[in-house]
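S.K.: Take the sequences, apply the hints, and build the full model.
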Amino acid sequence: MVDAKERSTQYLGELKTMIEQNADDVHNRGNTYIRKLKKRLNKDTEEIRNTVATYLGEIQSRTSQNMDLVKERVEPYVSQAHDTAAERLGSFTDLLKNQAQDLSQQVSTQAEGMREQLEATAEDLRTTLEGKIDELSSLIAPYAAKIREQLQTIMDKVKETNA
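Residue numbers 1 to 163, in my numbering, belong to the letters of the sequence shown in order.
If a hint is listed, it holds; no wrong ones were tucked in.
Computed list of lysine-lysine pairs in PhoX-like fashion (alpha-carbon distance at most 25 Å, straight line): (1) Lys146 x Lys132; (2) Lys146 x Lys159; (3) Lys157 x Lys146; (4) Lys5 x Lys16.
Honestly, the hints are just simulated from the structure, not real lab data. Bear in mind that the values here come from a model prediction, so they are computed numbers and not experimental data.
M.R.: Below is the structure:
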């Protein structure tokens, strides 16, 4: 029994040594696998970055091409809209010019009519005033002649007295 106890202690020691060796071996293998896994992950990460950069470049290129294509397709419509707007604005401007000319012509016609009316009224007034002046002259003429005669008489008398 003592012999069995010694053997079991010996087996236990050998088992502990084997377990320690296996644990060290597993630890070393784990570290090796972890290093290899890190290298692989770094390499895969770099590949993914490169692939993403390539895809982004391709997307940017296609976006630029698509924008150019859209621009080519939309530009005729924009140009047509611009031309239509310019044409309508020109039509509107012409309409306003025509209306302004018509209004100007109406105002000129009315002003000419008023001028003619004022000239006629002024002529009538002048004729009436000349008639009144002639009438007053004919009324005053006998008195003026008498006053002249009397003044002439007075002047003659003054000359006689002085002579």
